[in-house]
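Chains as they are written, first to last, in our numbering: chain A, 624 to 702; chain B, 624 to 702; chain C, 4 to 145; chain D, 4 to 145.
Some hints here could point you the wrong way.
To be verified - Every beta carbon over 10 Å from chain A, so not counted as near; a handful from chain D, in silico:
no.	residue
1	Glu44
2	Phe128
3	Lys130
Unchecked claim - On the chain D side, residues computed to face chain C include the following (Cβ under 10 Å):
no.	residue
4	Thr17
5	Phe38
6	Pro60
7	Trp78
8	Ala106
9	Ser124
10	Thr133
11	Lys137
Unchecked claim - Here are the computed lysine to aspartate or glutamate pairs in the DMTMM-like style, where the Cα-Cα straight-line distance is at most 25 Å:
no.	chain 1	residue 1	chain 2	residue 2
12	C	Lys143	B	Glu651
13	D	Lys65	A	Glu692
14	D	Lys65	D	Glu44
15	D	Lys131	A	Glu651
16	D	Lys123	A	Asp626
No lab work stands behind these hints, which were simulated from the structure alone.
Predicted model, so just to flag it, every value in this text is computed and none were measured.
Heads up, the beta-carbon is just placed ideally off N, CA and C, and yes, glycines get one too.
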Amino acid sequence: MSDAITVKFFASLREAVGKADTEIPALEAATVLQAWQQATGNMVMPENTLMAVNMDYVDADTHIKAGDEVAFFPPVTGG
Amino acid sequence: MSDAITVKFFASLREAVGKADTEIPALEAATVLQAWQQATGNMVMPENTLMAVNMDYVDADTHIKAGDEVAFFPPVTGG
Amino acid sequence: MHIEIQPQPFEPYTRLQQYQQQADFAGRYGATAVFVGSMREFNQGDDVEAMWLEHYPGMTEKYLQKISEEAAQKWDILDSLIIHRVGEMHPNDPIVLVAVWSAHRAAAFDASRYLMEELKSRAPFWKKETLPEKTRWVDKNT
Amino acid sequence: MHIEIQPQPFEPYTRLQQYQQQADFAGRYGATAVFVGSMREFNQGDDVEAMWLEHYPGMTEKYLQKISEEAAQKWDILDSLIIHRVGEMHPNDPIVLVAVWSAHRAAAFDASRYLMEELKSRAPFWKKETLPEKTRWVDKNT
């Protein structure tokens, strides 16, 4: 298993952060919030940001580990 | 305008009464119930019978007049 | 607002395509809610081989029109369509099509369900089923 | 239970016909409830010329599957179908099709509405609109 964490951004957050995905070392991110801080260089997280770990919705304080895929995106608007 | 009242029966009531429609003299029927009695020869009206005068739902004691079309039918089962 | 009662079989989705093609609300609807009622091959525990659908010509159209107007008053919809079959039909045949077009989904969902519930309780249609050994009038409208 | 996410335009009623033809529940369904979401040529007071629909490959499918399974647990339905468009689209294009087949209408109505509401609140799709002078991410999911 990879010792990195994959971080993805979608829609307006992808544009705001300036990248669709990146990798961060697993050690530096104990929670989803820390993954955001690490991957964005401490950008302020927009209020309504949704978070997922391995494609399930989670909270900012959810713990993550090496190999996880963490995603950040705005409220969904499909359908 | 006709001096008769047209009486129609539908579905299971048409079969029970044995005719689809008939005419009765207007004078003999002051209400929808009396039209039923006159047109069926005093058959007992099934409990859930629905009634319409000129294609609008009415009650058994609704008054009718010459030229009216009175209809009797069981609960509807379309759709 | 369009209402049709017909003895011929109909394919509901083809009719929807045709209706939308001639509709003047293209680009304005974000929501279409559709209900299709079909004939099942069983009812109340029995196999059903065929069905006869009787109606009250004149009053049926009047009530379909009335409930369509009620739906248009209650909800902000762009258009509605009701097609109902009468006469003899067979399992899997479409019996009724109800469709509602609206800018937003809540009105479309609400109005289409209203049309079906009102049709089922007020529009004068009656079903007679042909079972293997007998015929019977349907008396429950589930 | 079938789910599809596709960049190609689709005609929802043709797809329904095709899906029903290969379905194994012929004769068993009395009710089909269908919802089609289409692109409108205006939104929040502005003309919309085109739309871009982004999704999260993998997670979107997972959540469509999840809500389909939830609907099948909550209601007595025979089958469900969800087709959702992604990528660039234009006014009047179908965006989403949801269909539910059931023996009776209440389950079909309830489940189709549940699928749409859950899809709109949980499935990761995002719309970006092209207006005459700019583009904007849609932030309200009405």
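Thr133 of chain D as chain C interface residue, shortest Cβ-Cβ below 10 Å: Check failed: Cβ of Thr133 of chain D comes no nearer than 15 Å to chain C, outside 10 Å.
Thr17 of chain D as an interface hint toward chain C, with CB separation required under 10 Å: Because about 7 Å separates Thr17 of chain D from the closest Cβ in chain C, which is inside the 10 Å limit, the hint holds.
Hinted pair Lys131 of chain D and Glu651 of chain A, Cα distance within 25 Å: Violated, at about 33 Å.
Hint status (Cβ of Phe38 of chain D to nearest Cβ of chain C, threshold 10 Å): The hint holds - Phe38 of chain D has a Cβ within 10 Å of chain C, the shortest such distance being about 6 Å.
Hinted pair Lys143 of chain C and Glu651 of chain B, Cα distance within 25 Å: Violated, at about 35 Å.
Restraint check, 10 Å cut-off on beta carbons, for Ala106 of chain D near chain C: holds, 7 Å
Pairwise hint evaluation, Asp626 of chain A against Lys123 of chain D, where the allowed Cα distance is 25 Å at most: Violated, at about 35 Å.
Status of the hint placing Trp78 of chain D at chain C (closest C-beta pair under 10 Å): Check failed: Cβ of Trp78 of chain D comes no nearer than 14 Å to chain C, outside 10 Å.
Holds or violated: Lys65 of chain D to Glu44 of chain D, with C-alpha atoms at most 25 Å apart: It is violated: about 30 Å lies between the C-alpha atoms, which goes past 25 Å.
Restraint check, 10 Å cut-off on beta carbons, for Ser124 of chain D near chain C: With a closest approach of 12 Å, the Ser124 of chain D hint is violated.
Assertion that Phe128 of chain D lies outside the chain A interface [Cβ separation over 10 Å]: violated, 3 Å
When the least beta-carbon distance from Lys137 of chain D to chain C is tested against 10 Å, hint result: violated, 20 Å
Hints 2, 3, 6, 7, 9, 10, 11, 12, 14, 15 and 16, counting from the list given before, are not met by this structure.
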